[in-house]
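One line per chain: the protein sequences are V and L, in this order. Number 1158 marks the last residue of the first sequence (my numbering); no jumps. Number 152 marks the last residue of the second sequence (my numbering); no jumps.
Since the hints were made in silico from the structure, they are not lab data. Even glycine gets a Cβ: it sits at the ideal position worked out from N, Cα and C. Check each hint, because a few of them may be wrong.
[Stated by the list, open to error] If you want a taste of the chain L side facing chain V, the calculated C-beta under 7 Å gives, among others: (1) L17; (2) A18; (3) P81; (4) P85; (5) S89; (6) M106; (7) I138; (8) F148.
[Unchecked claim] Taking lysine-lysine and the PhoX-like style, the derived pairs with C-alpha atoms no more than 25 Å apart in a straight line are: (9) K1088/V with K1101/V; (10) K49/L with K1101/V; (11) K1088/V with K1027/V; (12) K145/L with K1151/V; (13) K145/L with K1027/V.
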Amino acid sequence: MNQKIIALLAGLLFGAGLAASGMNDSNVVQGFLDVSGDWNPSLMFVMAAALMVTIPGFQYFLRRKPIFAQGFQLPSLKSIDRQLVIGAIIFGAGWGLVGLCPGPAIAALGYLNWEGVVFVLAMLAGAKLRQVQTT
Amino acid sequence: MISALQSVPFESVLAGGLLIGFAALLLFAFNGRIAGVCGITFSLIKHHPTLPSMTWRWLFLGGLVAGTLLYHFLTNTPFPEPPNNSLPLLIGGGLLVGYGTSMGSGCTSGHGVCGIARFSTRSITATACFMAAGIVSLFVFKHLFGWSI
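Sequences and hints are given; from them, build the entire structure.
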């Protein structure tokens, strides 16, 4: 029960943060990625501000235990492989093309425009394709 | 030049980033989970999802949508314009984002906000790669091909 309340609260704060920061606005995101055009550097500060909280916070808790769970669920892979690099590049290509990454894409479903719905459905299809290929 | 349409007040940018950071820390410190939106979302469409661990994921994603809407209503900020892309480009972009984040085990939140905070070299590498690829992709599609995106 406690973990479910935390998950909902974290989602609410995360969604509010995405909306406040401009990450949900694909035009703002593309303005950030458009370094050779009308560059808008503001989104650099979104990640910087988030990391100002997460770096000290994660480092503090990593040496301890989570408050409501037995342990941390962390990725087991440690080495840098081709999948990681190629996957990140494919993701970046789509991100530049449309201006939405997965978090804002889900959050922006609430705006109820067909573009956002089409994008999320295609994103799920892309993920499913990868899942089918690797199982 | 920065157009008026694309500017978000700097206080909102900072506040938004801090909120995202606090949200990620909350999920990590209390539940021991990484707030990676693609990982959370895509595990819901896996072939055999087990019920108990699915609930918190739905709650997180529901919160994501509700939190965004609450922000707009409470601060009286208009919704942003939808993406400018044509239908084929929206589908193409979505496929690339879904496939790429699955293959690379994470996106902006999981690698960028949480992974870097764990000092994970995989996440630092992935973040550098998708940032660079995003910049190159926009340059190629918008400025070289002249597409309206």
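Hints, verified against the model:
1. L17: holds (5 Å)
2. A18: holds (5 Å)
3. P81: Violated: closest Cβ of chain V sits about 10 Å from P81/L, beyond 7 Å.
4. P85: Interface hint status for P85/L: holds (4 Å vs cutoff 7 Å).
5. S89: Given a least distance of 10 Å, the restraint on S89/L is violated.
6. M106: The hint holds - M106/L has a Cβ within 7 Å of chain V, the shortest such distance being about 3 Å.
7. I138: holds (5 Å)
8. F148: violated (11 Å)
9. K1088/V with K1101/V: OK: K1088/V and K1101/V at ~21 Å, within 25 Å.
10. K49/L with K1101/V: OK: K49/L and K1101/V at ~23 Å, within 25 Å.
11. K1088/V with K1027/V: holds (18 Å)
12. K145/L with K1151/V: violated (28 Å)
13. K145/L with K1027/V: violated (43 Å)
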